[in-house]
Amino acid sequence: MYGDAGAKLVGQAKRAQTLTNLPPYLTELVRTITREVRDLDKDVADLLEPFQGSFHPSDDQATACTLLVNHLSMRRNKRCLLAYHRVRTDRLEELVWNSYDVVDLAGQQVRDGSGGMNGGGSGDGGTGSLCPQEEDYMRQYSDLLAAYKGQWTDIDLTGSLEPPRDLFIDVRVLKDAGEIQTEYGAITLTKNSQFYVRQGDVERLIAQGYLQKLS
Amino acid sequence: MDIDDILREVDPTFDFVPGETRDLQALTRAWVAERSAPELLDWPPDGLFERINDRIKQQIERVEEMTGDMDPKTNFALIVIQTELERFKYLVRSYLRARIAKIDKHTLHYLSSPALRARLSETEQAYATRHQALLHNHYLSSFLSSFPQSLQNLNDQAGNISMIDTPDLETAVFIRLLTDTLVEGRGTDSDGGMDGKIGDIVILRWSDAKPLVDSGRAEVI
Chain W
1 MYGDAGAKLV GQAKRAQTLT NLPPYLTELV RTITREVRDL DKDVADLLEP FQGSFHPSDD
61 QATACTLLVN HLSMRRNKRC LLAYHRVRTD RLEELVWNSY DVVDLAGQQV RDGSGGMNGG
121 GSGDGGTGSL CPQEEDYMRQ YSDLLAAYKG QWTDIDLTGS LEPPRDLFID VRVLKDAGEI
181 QTEYGAITLT KNSQFYVRQG DVERLIAQGY LQKLS
Chain S
1 MDIDDILREV DPTFDFVPGE TRDLQALTRA WVAERSAPEL LDWPPDGLFE RINDRIKQQI
61 ERVEEMTGDM DPKTNFALIV IQTELERFKY LVRSYLRARI AKIDKHTLHY LSSPALRARL
121 SETEQAYATR HQALLHNHYL SSFLSSFPQS LQNLNDQAGN ISMIDTPDLE TAVFIRLLTD
181 TLVEGRGTDS DGGMDGKIGD IVILRWSDAK PLVDSGRAEV I
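From first to last, the protein sequence lines are chains W and S.
For what it's worth, the UniProt record's numbering labels the leading residue of the first sequence as 1, then goes sequentially.
For what it's worth, the UniProt record's numbering labels the leading residue of the second sequence as 1, then goes sequentially.
These are calculated hints, taken from the structure and not from any lab test.
Be careful, since some hints might not be right.
Quick look at which bits of chain S chain W covers, simulated, 3 or more residues with Cβ under 8 Å [as the list claims (entries may be wrong)]:
(1) 50-60
(2) 80-92
(3) 129-142
Beta carbons: idealized from backbone N, C-alpha and C, even for Gly.
Only chain W is shown next, with the shape it has when bound in the complex (with noise of 0.2 Å):
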């Protein structure tokens, strides 16, 4: 009672701002959370009943003073539901500005579940550290950063952020990504293999890990 959940919750976001990968939803206790604001505002009506909406402070001043808690209490709850959901909104923006998409998501958890221990953790049903909620908000963010990134088709806003430096510049493929078309004729990537190739062309590439940049 009176904001303990609360502060629980936003240890968790605290932790999540420190981690790379997001951890899950915390849906009990977001629950816990809203059921106590909710029985904090009950008690607010039932302790103010018996005044008949002619409730003076200076009379009553125990009743006046519980009535106070209360209502930090239900504010102060309501601002570390958000602060919660704020933080994690942050994140999945990010992901989205750096080209993911919820099914990207879904996958990567399943790969990094498996790759750590025997998979057993996050295989949970795909996406399963995002709410159906959070789910949905990245699908609407991201068809509403494509819509805007639709007035600056030239410019390519989710390129790299780093002046750029060289035009052309070595890579190494890491897996296996196909043949790219680029000005100077087709690439056929093959795992392993190395070449100088123009930045702007393989951006996309080296942003989805296909291939890494070799200074």
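Position chain S against the provided structure of chain W, taking the given hints into account.
Frame of chain W, contents of chain S only:
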């Protein structure tokens, strides 16, 4: 290039340079300012970005023509143009991303008054409005809808704390003076003023620097 050249470049009255160069300078300047200033600055007026977009398109076409015409291995000019094009694109991209980052951070603040709204370009306004709607919807469907009615707002002012976060206008910025002017700054104990000479570099609070920058007497660096 020494300091005088740089100053002449950014001097608004110096107009012997062709329009293309001026646009590039304007873009570079907007980019530097946007990255250093704590709050969102005005979207550049008079169609700067339309011109920039056109020019990028032209250059891309030019590059395509040149690749078709000549052997790329020997075509040095092509490489120069392409490199320059990549740099130009980087400037625009970085500029837009810096703005988007600020808008995302304080969406409700920038949408709250017409004056602040006017700083955004049309597409940015559409983006910000839609983004805020998405967020609100997400909160609603996640937990807010089961809250009591009086607690469902996202812009409460209760307890003298506004829920709307605003950028910190007291952050320090570096500015370079473009004319001789009086620089005034507020301090914690007392306020101070100094007679600035052209080219002087000063560090002060953004809220004090803003009038100087807006009137073109200084630039953010």
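Q: If any of the earlier hints don't hold here, list their numbers in rising order.
A: none
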